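Top line first, the protein sequences correspond to chains W and F.
The first sequence begins at 1 in the UniProt record's numbering and counts up by one.
The second sequence begins at 1 in the UniProt record's numbering and counts up by one.
These aren't lab readings, by the way, just hints derived from the structure by calculation.
Computed from a predicted model, the values in this text were never measured in an experiment.
Yeah, the Cβ is synthetic: ideal placement off N, Cα and C, and Gly gets one too.
Watch out, some of these pointers could steer you wrong.
[To be verified] Keeping only pairs whose Cα atoms sit at most 25 Å apart, straight-line, the calculated SDA-like set for lysine to any residue is:
| # | chain 1 | residue 1 | chain 2 | residue 2 |
| --- | --- | --- | --- | --- |
| 1 | F | K45 | W | V238 |
| 2 | F | K5 | W | T258 |
| 3 | F | K26 | W | D264 |
[Stated by the list, open to error] Restraint-style ranges between C-beta atoms, simulated for each label pair:
| # | chain 1 | residue 1 | chain 2 | residue 2 | range |
| --- | --- | --- | --- | --- | --- |
| 4 | F | I30 | W | A355 | 26 to 34 Å |
| 5 | W | D226 | F | I30 | 19 to 27 Å |
| 6 | F | K45 | W | W372 | 42 to 50 Å |
| 7 | F | S2 | W | N118 | 36 to 44 Å |
| 8 | W | K215 | F | K45 | 24 to 32 Å |
| 9 | F | K45 | W | D282 | 38 to 46 Å |
| 10 | W | V100 | F | L6 | 28 to 36 Å |
| 11 | W | E102 | F | G62 | 34 to 42 Å |
| 12 | W | R323 | F | G62 | 45 to 53 Å |
| 13 | W | G237 | F | K45 | 15 to 23 Å |
| 14 | F | A75 | W | D226 | 38 to 46 Å |
| 15 | W | W344 | F | S2 | 33 to 41 Å |
| 16 | F | G62 | W | D87 | 35 to 43 Å |
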Amino acid sequence: MSKKILIVGGGLAGTIIANGLCRHISTEIRKGDVSITMLGNTDTHMYQPGLLYVPFGKIRERELFRPQRKVLDKRIIFHIDPATNIDVDNKKVTCKSGAVHEYDYLVIATGSRLMPQNIPGMVEGAHWLYDLEGARKMRDALDKFEGGKIVVNVNAPHKCPVAPLEITFMLKEYMEGKGLWDKTEITYTYPIGRLHALEPVAEWAKPAMDAVGIKYETFFNTKEVDPKAKTISSEEGVTLPYDLLVTIPPHAGAEVITDSGLGDGGWVPTNKTKLLREGSTDVFVCGDTTNIPISKAGSTAHFEADTIIDNLASLLTEGRWARDYDGKVFCFVETGLKTGTYVWFNYTTPPNPGAPSQMIHWFKLAYNRLYWLSARGLL
Amino acid sequence: MSERKLIDARGSFCPGPLMELIASLKLMEIGQEVEILSTDQGTAKDVPEWCAKVGHETVESGEKDGHWYVVVRKAK
Chain W
1 MSKKILIVGG GLAGTIIANG LCRHISTEIR KGDVSITMLG NTDTHMYQPG
51 LLYVPFGKIR ERELFRPQRK VLDKRIIFHI DPATNIDVDN KKVTCKSGAV
101 HEYDYLVIAT GSRLMPQNIP GMVEGAHWLY DLEGARKMRD ALDKFEGGKI
151 VVNVNAPHKC PVAPLEITFM LKEYMEGKGL WDKTEITYTY PIGRLHALEP
201 VAEWAKPAMD AVGIKYETFF NTKEVDPKAK TISSEEGVTL PYDLLVTIPP
251 HAGAEVITDS GLGDGGWVPT NKTKLLREGS TDVFVCGDTT NIPISKAGST
301 AHFEADTIID NLASLLTEGR WARDYDGKVF CFVETGLKTG TYVWFNYTTP
351 PNPGAPSQMI HWFKLAYNRL YWLSARGLL
Chain F
1 MSERKLIDAR GSFCPGPLME LIASLKLMEI GQEVEILSTD QGTAKDVPEW
51 CAKVGHETVE SGEKDGHWYV VVRKAK
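Bound-form chain F, shown alone (with noise of 0.2 Å):
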């Protein structure tokens, strides 16, 4: 199992979490994992409806320590 790849995009305005995290899928396996870390909202929603439209998996999304977080595995 290859280690968990970590994004962390807290203060990123531009280009922004969702993109940060296309550009990193684009050099990663099959099967693993990437854990994205944001202060906007609005990823723990646009993440993943962008991975449903695209076929990865969303393994897990929340809030802690006042940040949003969400888990993607590569799945083509």
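Isolated chain W (complex conformation) (with noise of 0.2 Å):
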């Protein structure tokens, strides 16, 4: 009897676990063993973290698009067709489609959404970058800014941790190249009480801001948007003025999540060295989908994924557990137009970024390339 592989989601997590299995058992699929299907809701792979370069007109849109169907290996039944309900008791996926799809071992890896109308005004008074159509907004805005107040507002939950920083530094050079700076005022607001979650990154952002004038205002948890006065409100009782509002939108987990009663908020609850389901031993979940306190970031989800492959082609081969997920991340920061550095850390092991380089910078650069290798699962 075939061993059924579904997967949920076609982002670069599910993306990874598919193509990387297609390597590791190969011999079961030729055979006839085993089977690996994808369930996505697009035909087009993007690259996300290319937003970033998107507003600042520093990467070409069609660079961050592949057809879904050539990352994919061909041994990988793909089906455009969303899924609307996940039963993990009758171990059966229901897609719009209406069509039924049954498994052995599933997959959850249906990631995060943007939610900006989760804040009164946020969606009529601000800009964002985390979706292409945010991302073009914000260039056509900045291609029209003379100067003013900018506002770079985070909300939690978000993916791309280090990303509210980098469009910071990033402004800061955009405005310097076109002029503008000695017009321009940038303050950048945070939810917790110093400038980013890891604490070595906040004690480099600190002075980084302060050397260059840009202001920041921390423990700002977001309450509400006024466009029309363009300020913006914070639960602790900040208001600051803007010209320009750049937010990082807080997130949600998909929405198949929560109507599958998988999760609050759409987040999957999941053991954070195993990466299955709690309650289950046939569900892993990966990247943004699961509840895990850690970065939602792609290198968590490629990390993850490789987890997940090994473990899934150990069990299905040996019918053993290869390996934990130690909690690795590694993050590249971009710390200006020309510079960058990076970060990792694990469970165990600390963050600890080192200094800013031209080098770096262009090591983030080739890896906007280096991603379809990612995907492909072979790097």
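Build the complex: two chains, separate frames, hints provided.
Printed below as a string of structure tokens:
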């Protein structure tokens, strides 16, 4: 009897797992002992970190996209048919078309989504770059911006935790490049009492902002935006005026997760080392979808995916567990338009970012291309 | 009385205990409680400070078995 692996979600996490499995269990797939099916929402695969460069005109939009079918190994059965219900008790997933897929092992990699509508006035008053439409609008707004007050506003929870700092420093250099920095004031807001969740990153960011005159407001959790008055207010009682508001909206998990009763907010309770859904032995969860208190980032999804590939391959071929996930995360940090650094950590090793350099910035630019090898499970 | 939620942020460097708490409170009902566990000593100070600033209630906090814990009741 053939074993069915069903992957819900065609983003980075699901794609790496599907392609990686094809390499690790190619014999079993060829013999018909295992099949891999993916349920995706779209025929296009997007390199999300590339959105960072769109507002600044530093990347061509077409560089962000590849046809999902071409990214996937040919042996993967791929349906563009979003999942609408995941029934872990009866081991089946129902799709928008009405199709029902059964599985022996399920991988949930449904990602996260932006929820600016959760904060009054944010949709009308703010710009963001975490989706293509938003990044395009922000690019247009920056084109027309002739100086004034920019507020970069960060909300919890959100993915890509270093992006807000990257946006802030890139905005500063962008305005300098336009000769408008002397007419511009940037204020960065952050939900907790320092400038970044990672203490060493916060310790680096504070003097870096002080040195170039970027202002900041910590303990700022957005209550509302008033698009007419052009102000943003916090739960902590602070109101800031703005001419251009750039926000990282709060995120939620996928609707199918909440609709299926699998987790509040769309986050699935997940064992942080096994990456199994709490209470399941046949349901893996990967990437933003987990409720693990860890960065929601592409690299997290990548390292988790590698662990799941090893464990699924080992379970299918040898009936044993291979290894645990150690909490590894690695993030490049663009510190301007020409310099960058990086940070990595895991559950037991604290982060320790190095000094920014042009070399690391180039490395990040190179990775923007190398990503497609990661997605194919080769890097 | 709804069940107390648990956030086990022990060993979490990013987003860290307070960011996890802020995100979690958004999903909770007023009156519901959440207990956060952390290996970061700063949590025992940061969380009550933030709760006082925003208007949530710190029910209890302390140290046990080598980690810190704070129980928060959503008040608004």
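Tested hints:
Only pairs whose Cα atoms come within 25 Å are accepted, and K45/F paired with V238/W is accepted, the gap being roughly 22 Å. Only pairs whose Cα atoms come within 25 Å are accepted, and K5/F paired with T258/W is accepted, the gap being roughly 17 Å. Taken as a hint, the K26/F and D264/W pair is honoured in the structure, with Cα atoms around 10 Å apart against an allowance of 25 Å. A hinted range of 26 to 34 Å is violated for the C-beta pair I30/F and A355/W, which are about 46 Å apart.
The hint said 19 to 27 Å for the Cβ distance between D226/W and I30/F, and at roughly 25 Å that hint holds. Between K45/F and W372/W the beta carbons are some 45 Å apart, a value that agrees with the proposed interval 42 to 50 Å. A hinted range of 36 to 44 Å is violated for the C-beta pair S2/F and N118/W, which are about 21 Å apart. For the pair K215/W and K45/F, the beta carbons lie near 25 Å from each other, so the given range of 24 to 32 Å is met.
Taking the beta carbon of each, K45/F and D282/W are about 42 Å apart, inside 38 to 46 Å as hinted. Between V100/W and L6/F the CB atoms are about 34 Å apart, so this pair conforms to the stated range of 28 to 36 Å. The hint said 34 to 42 Å for the Cβ distance between E102/W and G62/F, and at roughly 48 Å that hint is violated. Between R323/W and G62/F the CB atoms are about 35 Å apart, so this pair departs from the stated range of 45 to 53 Å.
Distance hint check: the CB atoms of G237/W and K45/F are about 21 Å apart, consistent with the given range 15 to 23 Å. As the Cβ distance of A75/F to D226/W is approximately 25 Å, the hint placing it in 38 to 46 Å is violated. Between W344/W and S2/F the beta carbons are some 38 Å apart, a value that agrees with the proposed interval 33 to 41 Å. For G62/F paired with D87/W, a C-beta distance near 42 Å keeps the hint of 35 to 43 Å intact.
Comparing the model with each earlier hint shows violations of hints 4, 7, 11, 12, 14; every other hint is respected.
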